[in-house]
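Engineer: Here are the chains, one letter per residue:
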Amino acid sequence: MAIDETNPRLGCGRSIDEVWATINQPPTAHENGCAPCRTARGSLAKLAEAARTLRDNDAEDPSLQPHHAVKDAIMNLARAEVRRGNRLPVFQSGQGGITISEQAITSVIWFGTDALPGVRGRRCRVHADPATADALRPAGTAGISVDLRIAVASDTDIPGTAELLRQRIITMITGHVGLNAGTVNITVEDFYDV
Amino acid sequence: MDEHEPVALTRPEDLDEATVVARAQDGNLDAFEYLVEAYQGRLFRLAFRMLHDRGEAEDVVQETLVACWRQLPLLINVQAFSGWLYQMATNRCLDSLRRRSRQAEVVQEPVTLQSIPGSFTEPGAGGDPAREAEISCEIDGLTTALLTLPPGQRACWLLREIHERSYAEIAATLEISEPTVRGRLARARAQLAERMSQWQ
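Taken in sequence, the protein lines are chains R and W.
Using the working numbering, the first residue of the first sequence is number 3, and each one after it goes up by one.
Using the working numbering, the first residue of the second sequence is number 130, and each one after it goes up by one.
In isolation and in its complexed conformation, chain R is listed as follows (with noise of 0.2 angstroms):
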C-alpha cells in the first residue's frame, strides 16, 4: 500500500497536505510568489467550500434519512431479541413462585440513581443470593446483590453521595420488588460532565 501512504507534491517540493493546513490562513510569502502553490490554493479552498455546502446542506436535506420502515424493522428486531437478563426469585412456596427480571430490578435501581442530583445509573448486574436461590420463601425475604456502575457530576461528594444511593436502592427495591438487596456495590466510573 506504498502508493497511499505517498503524499502528493507540487512542482515546488511543498506537499498538498502543508498547503491544506493554512489554507483558511492569507497566503506566505512563498505560496503568492509561487505558481503551484497559488494554483494549488485555489482549486483547495474551492474544494473545502464544496465540502461545507455538502455537510451542511446533507445534514439538513430530509431526504438523506432512511425511509422509517428502516428503523421500524430495527426496533422489531430489538422487541423481539430483547434482553432482560437472569431471572431472580421473588417468592417461592410448594405451589408455585414468583420471578422477576433482572431488567425490572434495573428499572427500579435507575430510577433511584436518576432521582438524585449529579449521578447517572449505568450498567447494572443483579444476582440472586446463593443462600436464598432456590430455597423455599416467603415474600419480602429473598436476598440479591447489585453491582451498579454509575457516573457523577465532577463536583459531586462522591462518598456522601454513594452511600445516599446505596440506602436509597435498598429502600427502593424492598418497596417495590420486595426482595432484599444485601449487598449493593457501587462503582463510579466516570465523570459526564467533563
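These are computed hints drawn from the structure, not numbers from a lab.
Glycine included, every Cβ here is placed at the ideal spot set by N, Cα and C.
Some hints here could point you the wrong way.
[Claimed, not checked] Computed Cβ-Cβ distance ranges for the label pairs, DEER-style: (1) W/P202 / R/R11: 46 to 52 angstroms; (2) W/D159 / R/G44: 48 to 54 angstroms; (3) W/S306 / R/S65: 34 to 40 angstroms; (4) R/P28 / W/V136: 55 to 61 angstroms; (5) W/D143 / R/L166: 19 to 25 angstroms; (6) W/E261 / R/V190: 48 to 54 angstroms; (7) R/N26 / W/A167: 28 to 34 angstroms; (8) R/E191 / W/D143: 17 to 23 angstroms; (9) R/R86 / W/T277: 46 to 52 angstroms.
Dock chain W against chain R, hints included.
Structural biologist: Okay, now just chain W, sitting in the frame of chain R:
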C-alpha cells in the same frame, strides 16, 4: 420518599450519551431507540455517499444497527460507541463495493437519489434561485468526483470532511495507521480538487 412512586426513568435526551449507551447495553429499548434516532441519518448519509444507492445505503443502516443491538453488551468502552458504529457501517460499505467489483457491475449512474420522486436535494439557499443553482452544481460536481475515488480514499475523505472524525478515529475505523490516513486524504483532496477544476 414514597416507596411506591411510579418508576419513570429520565428520558434519554436528558442524559449524556455514554449513559444512554450503557442503558441500551443492559437491554433498555427506549435508550436503544434514542441511539437509532440519533445515528440513522448520519450512517445513511455516509453509506449513501459511499455507495450512491439508496437501497444499499438503507441496508447498511439496518444491518449496522441490528448488529449494534446484538453486540452492544460486548462493547467495553461506552465512549467508543460512535467510532464503533462508524466502523461497522464503513466496513459494510466497503464490503458492498467489493461485492460490486467482483460482480464486474456496470458503473453506477449517479442519479438514483434524484430519480426518487420528492427526494431531490433541496439546497438551503433561502429562496435565491441563482444561489440554489450554484449550490446544486457545487454538490453535483463534488459528489460525482467523489465516486471516482478508490473506496478507501472515499471513506477517509467522507469520515474526515463530512463526518468530522479525527485522524485517530479514522485510523481505528479503517484499521490503518494515521500516516496512511493522512496519505489517503491528501491524495483524495488532490484528486477531488483536480476533477472539480476540470469541470468548471
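Engineer: Next, verify each hint and record whether it holds.
Structural biologist: Each hint, compared with the structure:
The hinted range of 46 to 52 angstroms is satisfied by W/P202 and R/R11, whose Cβ atoms lie roughly 48 angstroms apart. Separated by about 51 angstroms at the C-beta atoms, W/D159 and R/G44 satisfy the suggested range of 48 to 54 angstroms. Distance hint check for W/S306 and R/S65: the Cβ-Cβ separation is about 37 angstroms, which falls inside the suggested range of 34 to 40 angstroms. Range check, R/P28 to W/V136: about 60 angstroms between beta-carbon atoms, so the 55 to 61 angstroms window is met.
Checked against the given bound of 19 to 25 angstroms, the beta carbons of W/D143 and R/L166, roughly 21 angstroms apart, stay inside it. Range check, W/E261 to R/V190: Cβ separation about 52 angstroms, and the 48 to 54 angstroms hint holds. Checked against the hint of 28 to 34 angstroms, the pair R/N26 and W/A167 passes, with Cβ atoms roughly 30 angstroms apart. The hinted window of 17 to 23 angstroms between R/E191 and W/D143 holds, with their beta carbons roughly 20 angstroms apart.
Between R/R86 and W/T277 the Cβ separation comes to about 50 angstroms, which falls inside the hinted range of 46 to 52 angstroms.
When held up to the earlier numbered hints, the structure conflicts with none and fits them all.
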